[in-house]
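Chain residues, written in single-letter form:
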Amino acid sequence: MSILAANEEKPLLQVRNLKKYFPITNSLGNVTGQVKAVNNVSFEMKEGETFGLVGESGCGKSTTGRTIMRLVEPTEGEAIYRGKDIYRLKGNELMSIRREMQMVFQDPYSSLNPRKRIGHILEETLKIHHIGNKKERMERVMEMLNRVGFQSEQYYRYPHEFSGGQRQRIGLARALMVNPNLIICDEPVSALDVSIQSQVLNLLEEIQEEFKLSYLFVSHDLSVVRHISDRIGVMYLGELVEEAETDELYGNPLHPYTQALLSAVPVPNPAVKRERITLKGEVPSPLNPPSGCVFHPRCPHATEICKQKVPVKKMVAKNHAVACHLYV
Amino acid sequence: MQEKLLELKNLKTHFQTERGVVTAVNGVSFTVHSGETVGVVGESGCGKSVTAESILRLLDEKSTRYEGEILYKGKNLLDFSISKMQEIRGNDISMIFQDPMSSLNPVYSVGNQIVESILLHQKCSKKEAYSRAIEMLRLTGIPSPEKRVHEYPHELSGGMRQRVMIAMALSCQPRLLIADEPTTALDVTTQAQILDLINELKLSYNMGTVMITHDLGVVAEVCTRVVVMYLGQVIEEANVEMLFKSPCHPYTRGLLKSIPKLTGDRLEKLHVIEGKVPTLHQVPKGCRFAPRCEFASQKCIEQMPELIEEESGHKVRCWHFKEIIGTGEGHYVNTSS
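Residue numbers (this note's numbering), protein chains in the order written: chain A, 1 to 328; chain B, 1001 to 1337.
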């Protein structure tokens, strides 16, 4: 069980010891190594909650999201959605659970088929899940288009006629077509300009309230994650190193990596002069991650034990878990 | 007073396109002194990168026409011949590009590429140039530069490549550095390292820097003066403290309000600037921001406001900024953070 399970509400999604290793093959097709993209990640989401996953590129946050959707199959571990392990489902059961989980992708340019009309793209989701007849489906598409701020005549437009922000709203409408409970948002605003980003973030919040949605929000942007999430998990090199409620995490970051990450974000206020914790070196390759704590080669507080023993995630304050030897 | 390095006077860059002539940069003027960092900010399509490329005349001049003046140490770069321009590029004025992967040549070692620019501009032997290249790599914080100098771009990480770009740009000790989104492709912790590096080198060489970025956080950290652009025009210019403390233009104010913050109330809804940036084929007749501006009046739609100096060093292009400041909610930056 994840250590945050002390809540009386039944969790919507429990991810337990999730692992995803990608094999490395040489030119003859023999496996020569493994990239540990996601390594032993466990967390829980409650109904109606937004759980943010942050980290730098290559930390495995997107792979975690995709593995939960089963867009990539996990190497090991469980993801229990309302009592059912997603990875054990087949056929109709899998289909019905996919109806409840949808995804919004990062790149609004490559995630919509350029040869299909917007109406068609949205309707396809309904067709796949055999929902309604032709007329009902069209009505539903119109309703969704209006909900995310388009006119009905845009039903017949093609994706190239829309700007990045508009396409991202179409992507969101597509996810909403089948009335899901959980939407996995993979960097939904990182390709957008600030003024457009705020439009999409506000829409995500409105829709969450209206449709009682839960979001798994994957992003590298710490300010955006702070704005939208109730709880946040910080990932580094495939591992979840810290997990806490948003205000607690930003007010009292415990893991040295989280501290460095937060101090590195440029603040749009020249009057603020902060002590920046500059990390030495670079993120090691996930091909052969460091022994012990994966962060120890760059950690300013690393000691001998960090090189040898993998730290276990521990609850150190109310709903605040951290995997670090500094906190015993 | 520091030396005046670069002065743009009413720069216009016109592109010939299939749908007619578009003016990507429309009357941009600003000055850069040695030792200062001028930030040019704006959203995609505002002309900030075209401005940067125009300064070095990097655009294809078959389909591009420049107007106005680009004065470098008092001489107009637009009057220079191509060979004269090549002497300036890399030697007097250098540029760092956004994407370090596509701006380095994959088939040459990084040392080779740095040496090329040194040999082009300075009289020295190849051996001297190599030791110079190693020195530059060391300066940018690359570990064991004697080894790295023989490596190829694909062997380096994104942050390392950007350091190589910086080493190359600074190898001839330019007076002016143009950095076009130098950290956009990097992670925050790497970004912090690169920004620190640019700041340090700026101080030790007393360079003038033009920092093109869309990130107001980066602006606040490294710039001394800021030029805000919208649809090819400068709409506000001020020193960095003034801009963040009392922004005048409704667009600047909107931008500052729409960024999610790291501190303060996070449950409040984000400010939204309605609509989207129009394309250059359908530029509004009056104020270019009028269709998206909540304060727009009839005058704004019909007449283009000029960039006027509101107080010393603070310029703004808006008909109504005085009233807007009067009605404003006051603080735009969370001073408690």
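By construction, these hints were calculated from the structure, which means they are not laboratory data.
There's no promise every hint is true.
The calculated lysine to any residue pairs, modelled on SDA-like cross-linking and capped at a C-alpha distance of 20 Å, are [said to hold, decoys possible]:
#1 A/K273 x B/E1200
#2 A/K212 x A/I97
#3 A/K273 x B/S1044
#4 A/K273 x B/L1203
Structure-based check of all given hints:
As the CA atoms of A/K273 and B/E1200 are separated by approximately 16 Å, the hinted pair is consistent with the 20 Å bound. Straight-line distance between C-alpha atoms of A/K212 and A/I97 comes to about 17 Å, which keeps the hinted pair within the 20 Å bound. This hinted pair does not check out: A/K273 and B/S1044 have alpha carbons roughly 28 Å apart, beyond 20 Å. With a CA separation close to 18 Å, the supplied pair A/K273 and B/L1203 stays within the 20 Å bound.
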